[in-house]
Each structure stands twice: as structure tokens, then as C-alpha cells.
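Novice: Given two chains presented individually in distinct reference frames, assemble the corresponding complex, making use of the accompanying hints.
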Amino acid sequence: MRTRRMLAQALRGLNRNRLRSFFMATGIAVGITVLTVVLSAGMGARERIMDRVRVFGFENMMVWAGGPTDQTRIGGGAGGGGGGEGSEITATLKLEDAEAILGEVRGVREVAPFSRAGQTEVRWRDRTFTSPTFGVTPEWADVWDWYVERGTFISHEDNQLLARTAAIGPTVVRELFGAEDPMGQTILVGGVPFEVTAIMEAKGTSAGGGDMDNRVFVPLSTYMRRVANVDYLSGIRVQVQNVRYMEPAAADIAALLRERHNLAPGMPDDFRIRTPTEVTAMVEEMQGTFNLFLIVVATIALLVGGVVVANIMLISVSERRGEIGLRKAVGARSRHIRAQFLAESVAVTFLGGIGGILLGLIGNVILERFTATPALLTWHVLAAGIVFASVVGLAAGLHPARKAAAMPPVDALRS
Amino acid sequence: MEQPLIQTRELSRVYQKDGTVGVAALTGVSVVIRRGEFVALVGASGSGKSTLMNLLGCLDRPTSGSVVLDGQEVSRLDEDELAEVRSRKVGFVFQSFNLLPRTSALENVELPLLYTDRPDLAGPARAALEVVGFPADRFDHHPGELSGGQQQRVAIARALVNDPEILFADEPTGNLDSTASDEIMALFTELNRQGRTVVVVTHDAEVARHAHRVLTMQDGRIVSDTAAVAAEPGPPAEEVVS
Ligand SMILES: Nc1ncnc2c1ncn2[C@@H]1O[C@H](COP(=O)(O)OP(=O)(O)OP(=O)(O)O)[C@@H](O)[C@H]1O
Ligand SMILES: [Mg+2]
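Residue numbers (the working numbering), protein chains in the order written: chain A, 714 to 1128; chain B, 569 to 810.
Isolated chain B, as found in the complex (with noise of 0.2 angstroms):
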């Protein structure tokens, strides 16, 4: 049987508010992510959903509990080995693209490269910013000369340019209209249909449709986890890359 991608066991985060009482944001949570997945994190706000992201993805450690990336032990690493899990192993996409501003979209694109030892940036950008559709005219445009979906389709190359084994998305489509919004999880489809494995978090049910797999999140647990929603297919791949 294949190693599993992500597997967590008993995860629990505890936020602490100025050292009293803590909030349980997370308890006990025991999942499995397998490779190829496209994974749709949804629940009500409040229920744990990105403390349930950042911790999968690295970004944050629990307070009790492990996760094993890639057959990496991760809960107990220091900050800046998670830093390096990061760099090699995972992208982020966010709502807010999170974008530098009066930087270039290339030059966002190569952010992540400057914190590897590869020595080329600009090759590696160019090739995500193609990947994901975006104009190659406008490679040189600031973020504040884009739109909206453009914005978080350079978010989503930054986010592929370290060629990570699994894409975070946390709420990808709330800033966008419903057009954009489609075409973002017509990428996210697309992109995994080529092998990348993708997790999404979102309110939206139509957004999670695209998804093979739901996890529903509910006062820092998951109460149900099923593959067995089908996913409507997504747009062709023409369309998306166009």
C-alpha cells in the first residue's frame, strides 16, 4: 500500500489568550490525505478549518498530536525546519492573494525561489505564471494593474514555482466574483487532474463540489468525511490554460 501524503493523529491546538484560558481550536482530529486527492475543508466559521490548514500544511505546530509529512514527523520540528518543509514541499494560495505591491507579477512569482539555492528565478516563474493562464503580456504588471482573478492566478503560480508535492488554498474564491471564482477552481481542477494534490478550504458549497472528497469541520473536529460525493467534472483543460 502507498504512503499515505499527509496523515495526522489525534491533532489538537489549543490558541492561548494572554497565558488564562485557551481556546480549543482543533481536537483530536485523525485524517488521512492521500497523493492525487482534491480535498474540500468546509464548516462554519469558526470551526477550525484553517488552524486545521496551517497545521497540515506546516505553517504552525499543534499542541498535541503529530503529522507526518511525506514519511516526515513535522509536529515537533523548530520554525525554521518547518520553513524548509515549506520551501520544498508545500504552496499556499490565500483569500487575499497576498500579494507584494509595486512588485511585478514575475517578481512575485519568484519569491519563493529566493529562498532555495536555485539559481535561476526567472525561468521557473515564467513557466508557473504559463501554467496557471496568465497573460504574458502582463508579466511585468504590478498587482494593482490586475484583476482579481489575475491576482490570484499569480498567487497560485507563486504558489506552484517550488514544485510542492501538495497545493493549501484557504479560501481562494472569497474575494472573487462568481465568474472569476469559476475559473479559479477550473485551475484547481486542472491542476490536479495532472497529479498535484489539492486542498481547499471554503464556505462555499459550490466551490466544494469541484472537490472529490469533503471533510466538514464543526467546533474544531471533523464530523464527516466523505470521497463519496462526486465531484462534477470541471471545465476541459483547453479552457482553463486559455
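The following block holds chain A by itself, in its conformation from the complex (with noise of 0.2 angstroms):
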């Protein structure tokens, strides 16, 4: 028999069953909703946590002004909300120690020092507004990927020379200015005025929640003199030539800094250094435990879907022996009659596989609103819904199909 006539006959004997079919559909749609939201929902979470790891980039580490504290946070400073980082009171982080890092520890292809403030005031006019700003060096763009949208970005020049010139961020642009063109205008940064050479491009929100476009960079030389009055950093990222650099690069970069700042051993660092391999840790450890929460409703949905599938088939098979037994009066062999029950199966489950899908799609609407976690939705998902729900559908069916089969025709038509 044909596969396209088989089908249309299972689906004829799914037809002629409706209220059974409904329930073996509804048994499996319930299995695979559940499914299908919490994969969803797990896609979407490792989906921001990677997000975040991207922002911190994987070649990049981070080295913090300030002994270990119990700070935790991923892709901090300049991506974060900018203040928070621990203890910057510290003041010995130097900008010499940048230019020795890059000097003498193998694999660094790249340092961006900085020096910060989380929220100073910044006028225009008769506005002001709160903004974290930063002193950094032209590595700033390549390091962090975050170029200018117009203008020119604090170059070594501007260094050189404490050059008062700003880059500033959309938000700031939006607020002090709203339509005004801000190119060349001066500004007043906590006090000290800055004449505005580059807008940022829009970043928007970082990992954090923090706006990233609301951000003043001022050249550090300039900032560290002019505004903040300081001669220390507040953190240096680092860049790796490789990711295979990073850990041996890490503990280079520890022994550097606690012989310039002349640390006996024993003494705690005055430094904190966060690599990616922390968060990438972090990853996959969540994963782990997300894949075992996946084996355990994936069974949980198989066990239930399937056990109702395959009830409801053997109902159905010892109710239709007068219909076996005439299909095989007429011919039907063995093999028919299990294709015919199999087909049944893999046919209910398969619907039952897309209603499921369908009603997931409506709880990951209602789970993103009332719980902020975004659901992602891929092609995968939905493959993994109707090939969970065939393979139910398959499974389920065996023992049934196989007992239709096995039915003498004379028995199964004295009924």
C-alpha cells in the first residue's frame, strides 16, 4: 500500500475517532507546550548571558583598581552602569603600570587605561544633566568596539596636549541639546568646559540595564588634571592576541602589578583582574544544569503524552477488532494493519505536536509579561516539538499497532 493512501487512511481512522483523537492530540499538545515554553525560555536566558559575554568579549579582560572584594559583576565599568566597581579610592593604579603591561607581558596586543567618575554634572546652557564620564586614550574604541557616529574620538594628540575636547553619547546629545546640532559647542563638565568633537554611536542598554549611551569621554590626561584632580586609574582593559593568552597573560599581568606596587608576599593585592573565563565558566555551567532541567521535562512530557497515546490506542484497537478483522478479510496483511495503527499514532501526535507548538507560542507571550524573560524562538524549537511528538507518536503506537496486527481474522470478526 502506498504511503500517500496509508496516510489517508490513518487519517480517515483518526476521523471516524474524533473525541479519541482529541484526547491523544490534546495528551501530547500538553507535553510538547511545556516543552516548548521552557526551551523558549532557557534559549532566551543563555541567549542574554551571552550577550553579556560578548560585550566583555572574550579576548578582553579587566583590571581593576582595588583589592578583591566580593564583586561579581560581568563586563563592568565602561559597559555597566559605571559606578559600583568596588573601592577606587585606591589610588594605586598608574598609567604607567597600562604602558608596562603592554610592554613586558607576552600575548597583550592592546591596553585602554581609564579613569572615571560614576555621575558628574554636564551643562549646556542653562541644562544640565547627570552623566558617568571617562578619561581614556583613543585604545578606548578599538578595545571596547564602541566607535563615533560624527566627529573625531579622542586621539594621542588630545592626550598630549589635556586637549578639552568631548565625545559624548546620544542620550546626553538628546538631553542638553534636543534638536541643536552639539558639534563645537562648549560644555561644562563637572565645572571644567569641554568643546564637543565626536558623538558616540548608540549603543543602547547594556547587559546591566544601564544606558550606554549616556556616556562623556574626555581625553584621560585632561580628565585625570583638569576634572578629577587624581593621578591614579581607575582600571585598565586589556586585550589578548589570542583567547589562548588570556590565563598565562592574567597571572603575568598579577606578578607585574604587585612588583610595581612593590607587594611583599602575603600582603592582598590592590588590583582586581576579571577574565572572560569566569563568565565562560558561569555559561556553561548554567547550560549544564538547563540541559538536565530539559532531560527532566522532556521525560516528564514523554511519559505522560505517551502513556495517554498509548492507552487511548489500545482502547481503540480492542474497540475496532470487528474493523481489523474485516480489513483483513479483504486482504489486509499484517504489516497493513501495523503501518495502518502506526500511521494513526505518528499522525495524532504529530497534530497534537503543532497544536502544543501553537499553545506554547501563546505561553511565552504570557510568561514574557509577566516575567520579564525573554523567549527565544528558533526553527529548533519548533523542530524539536514535532520530532519529540512523532517519536511519542512512534513509540507509543508500537505495542498497539503490533497487537492489531497480531489479531487472528476469525476472532477479531466474531466480536
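Simulated from the structure, these hints should not be mistaken for lab results.
A portion of the hints provided could be inaccurate.
To be verified - Pulled a few chain A residues facing chain B out of the computed Cβ check, cut under 8 angstroms: (1) 729; (2) 733; (3) 1043; (4) 1045; (5) 1122.
Glycine included, every Cβ here is placed at the ideal spot set by N, Cα and C.
Specialist: See below:
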């Protein structure tokens, strides 16, 4: 018998027993709904964490001024909210340290030293706004992958000349200038006048929820001498040539800084180094937990859906003895009967799977509304739902189909 | 001499109940059915009529003895081989019609064709429905929308659609009133007149009258076999196909 005819027979069989088919499809749909929601939510959460990792950059580490605290924020600093990165009163991290790291540590490609203040008053004419302000060197742009939209970013020359140039983010532009053109205008940053020479590209919201477009960048030297009046850095972002250098470079930097800061053995570090390795480890651990959870959910869904389908199929087989006997009497072989019931079982779970995915989509919308968890629906989720449902259908239909096929026609007809 | 369509030798069938003592439903039946015959199988309830019919029709296997159908020894074939023989050579009609519910008359007749490699389903099914005089405007009707007589016509068309050598009917009029019953028996008579071998199992002497030969069964044996009982001629063919 041809596949198309067989499928048509299966669909007719399901149609003749609509209520039963509906119950079977529902049994599977519930399982697939749960699976879809869990998968989407899981993938959404994973994607969000991966975003954070991406912002941090796999080839970048952060060297923060200040000793080890319970600091665990990922990709903080310029990417994060701009404040709360532990004690910055520690005045031991110097520009020379950054130069030494670049010059002496193997595998380091670039360093971007910076000094910053979380909340600085920025003024233009009679308007004021509060922004995180960063003193930076030109390397900042490449290391953070963060470029200007218009104008020129802070240059080496700016740093040498203690120039009063500022690159401001789109939020600052909007708040201070409205519709007016900020280029060439003079703003006061912490009371010190700067000329706006660049507007940064929009970066949107950081992984930590901060507005990355609310930033003022000025030359590091100007910031340290004229605005903050300090001679130390807040941190140094270090980029390695290859992720393979990450761990050795971090160890070398730690040793170098301890030596440069004259820290005797036994004394705690006066700096902290954050590498993406910790982040990656965290993501992997989360992935493992999630996979385990998924296996548990999938197994439960499989059991529930499969047991429902298998039971109803068994009932169906015994109620349809007459039909089975008749089909055999008119020439059906065992394999035809087996194929028919298997096809019915797979077809009903396939349809149930589609129903479950649709319900899962609704579930995602509801979940997003109430929990702010972004659900990520990819074709993987859809494919998993369909395949999963069909496999359950196949497994659940196996025994009933075999039972139907084994019925002697005379017995089947007698009932 | 022409080879008989069916020949059995010392056919026995014991139904095993829960693996204990068996019920001997059929004991040592030897019978020959020639092509073109119209045979009635009569006898008391439980005498073994259906059991014999199932063995002759390759629906069941004997406990011992042999059945040769159309020159082929079928008593030792396995289930699937028997199904294949049924598909090609045997048509069955049952007392309770056994039509698939919520399925059109046409599709019910198409059913046996599903298990053959014939590409066209609807063509032969329509032809068979026409042969049994089923009204063309009812082809799409479901069994629930048909009278008993009409349902049995659909069932007969289904039995004919594979063009079998022999037609078996187990109490085909058992669920019909006398008018419908007469019509169905007239249809069998006409089919037989066209050359089809027909075996009808019945309680009803009136029904058995249509046959040319009556086999009477008792306690699993054939106790009388008479081709001498002259059949009354059935109604003319025109009436049947109307
Ligand atoms: N599958 C079975 N299992 C056990 N016993 C059976 C089975 N089929 C028939 N029998 C028994 O075998 C005997 C013959 O049954 P069979 O159905 O052939 O009789 P029958 O002549 O067709 O009767 P009826 O006119 O009532 O249909 C009966 O005693 C019956 O109970
Ligand atoms: Mg009987």
C-alpha cells in the first residue's frame, strides 16, 4: 500500500474516532507546550547571558583598581552602570602600569587605561544632565568596539596637549541639545569647559541594564588633571592577541603589578583581574543545569503524552476489532494493519505536536508579560517539538499496532 | 475432468479454550465445490457452518486435514499468505454488513483495493456498485444513511471488487426484512447466473431454496449433501439490477 493512501487511511481512521483522537492529541499537546515554553525560555536566558559575554569580549580582561572584594559583576565598567565597581580610592594603579603591561606581558595586544566618575554634572547653557564621565585614550574605541557616529574620537594628540575635547553619547545629546547641533559647542563637565568634537554611535542598553548612550568621554590626561584631580586610574582594559593567552597573561599581569606596587608576599592584591573565563565557566554551568532540567521536563512530557496515547490506542484497537477483522478478511496483511495504526498514532501526535507548539507560543507571550524573561523561539524549538511528538507517537503506537496486527481475523470478526 | 474450485479432505477444526479441552467444531469434513456452483450451508446453530466457511475462505486454518483452493494447498499457509489468497480469490459478505462507519459507500467498496497494487480505486468500486444495483446518487452516502438492504448491497459490491473466484456469505439476510432478504438472494442468484461461485451460510430454508445444492451440517459434520434439491428459478435479472 502506498504511503499516501496509508496516510489518508490513518487520517480517516482518526476522523472516524474524533473524540478519541482529540484526547490523544491533547495528551501530546500538553507535553509539547511545556517543552516549547521551557526551551524558549531557556534559550532566551542563555542568549541574554551570551550577550553579556559578548559585550565583555572573549579576548578582553579588566584590571580594576582596588583589592579583591565580593565583586562579581560581569563586563562592568564602561559597559555597566558606570558605578559601584568597588573601591576606587585605591590610588595605586597608574598610567605607567598600563604601559608596562603593554610593554612587558607576553600576548597583550592593546591596553585601554581609563579613569572615571559615575555621576558628573554636565551643563550646556542653562541645561544640566548627569552622566558617567570617562577619561580615555584612543585605544578605548578598538578595545571596546565602540566608535563615533560623527566627528573624531579622543586622540593621542588630545591626550598630549591636555585638550578640552569631548565625545558624548546620544542620550547626552538629546538631553542637553534637543534638536540643536552639539558639534563645536562648549559644555561644562564637572565645571570644566570642553568642546564637543564627537558624537558616539548608539549602543543601547547594557547587559546590566545601564544606558550605554549616557556617556561623556574626554582625554584621560585632561580628566585626571583638570576634572578629577587624581594621578591614578580606575582600571585598565587589556586585550590579548588570542584567547589562549588569556590565563597566562592574567597571571603575568598580576605578578607584574604586585612587583610594581611593591607588595610583599602575603599582602593582598591592590587590584582585581576579571577574565571572561569565569564568565564562560558560569555559562557552561548554567547550560549544564538547563540541559538537565530539559531532560527531566522532556522525560515527563514523554511519559505523560506517551502513556495517554498508548492507552487510548489500545482501547481503540480493542474497540475496532471488527474493523481490523474486516480489513484482514478483504486482504490486509499484518504489516498493513500495523502500518495503519502506527500511522494513526504518529499522525495524531504530529498534529498534537503542532497544537502544542501553538499553545507554547501563547505561553511564551504570557510568560514574557509576567516575568520579563525573553523567550527565544528558533526553528530548533519548533523542530524539537514536532520530532519529539512524532517519536512519542511512534513509540506509543508500537505495542497497540503490533497487537492489532496479530489479531486472528476470525476472532476479530466474531466480536 | 475440470479441476474443482475447492476440495477438502478430512478437515477438522478444534477451538482451544484456555489451553484445556478443545471444542471440536468440525470433524473430518471432505467436500468438493465446483466452479459455478451455488451452495447453501445449513444446519442448527453451533453445527459448524461458519467454521467450515472460514476454512474454505482461507480466513482460518484447520487443525488437521487439507484445503485445496483453485489448485493451491492453502491449509499450511501462514497468516499473510492466506491474506494474499483472500485478496485475490475470495469475497466475504457478513450478517452485520461490517461497513466502516462515517465512510462513504464508495470508499467502503474501495477498501479491498487498498491491499492490492491496483492504481485505480474509484473505477472498479463504481463498477462493482453498479453490478449490485446500488443507486448511483447514494455513492457518497455513509452507511448510517442507508437501509439494511442497501448496506448489504454495498457489502456485496465490496466482496466483488477484486473479482474473486468465489463469494462466501454468512447469514447475509439475517439482519434484513423479508423484502430486502428476497432482493439480496435474487442478487446472489444473478451473480451465480453470471458464473460466480457462491456459498451461502443460512438458517433459513427459504434462503436455502435459492441454491442448487444444499449441504446440511450437524455436530461438525456434513450429514447430507444434495444437489438434487432443485432450486426455484430466481427473479429475472432486470429486476435484480433495478
Ligand atoms: N473462536 C472460537 N472459540 C471457541 N469456540 C468456538 C469458536 N468459534 C466457534 N466456536 C464453537 O464451535 C462450534 C461451531 O461454531 P460455528 O460458529 O461454526 O457454528 P455455526 O454453525 O456457524 O452456528 P451459528 O448458526 O450460530 O452461527 C460452536 O460450538 C461454537 O461455540
Ligand atoms: Mg455461524
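Novice: Does the CB of residue 1122 of chain A sit less than 8 angstroms away from some CB of chain B?
Specialist: Because about 5 angstroms separates residue 1122 of chain A from the closest Cβ in chain B, which is inside the 8 angstroms limit, the hint holds.
Novice: Can you verify the interface hint for residue 729 of chain A: is its Cβ closer than 8 angstroms to any Cβ in chain B?
Specialist: Given a least distance of 5 angstroms, the restraint on residue 729 of chain A holds.
Novice: Restraint: residue 1045 of chain A near chain B, CB-CB cut 8 angstroms. Satisfied or not?
Specialist: Since the shortest Cβ distance to chain B is 5 angstroms, the answer is holds.
Novice: Hey, does the residue 733 of chain A contact hint survive, CB to chain B under 8 angstroms?
Specialist: violated (13 angstroms)
Novice: Is the shortest C-beta separation between residue 1043 of chain A and chain B less than 8 angstroms?
Specialist: Holds. Min distance 4 angstroms.
Going through the hint list in order, the structure does not satisfy hint 2, though it satisfies all others.
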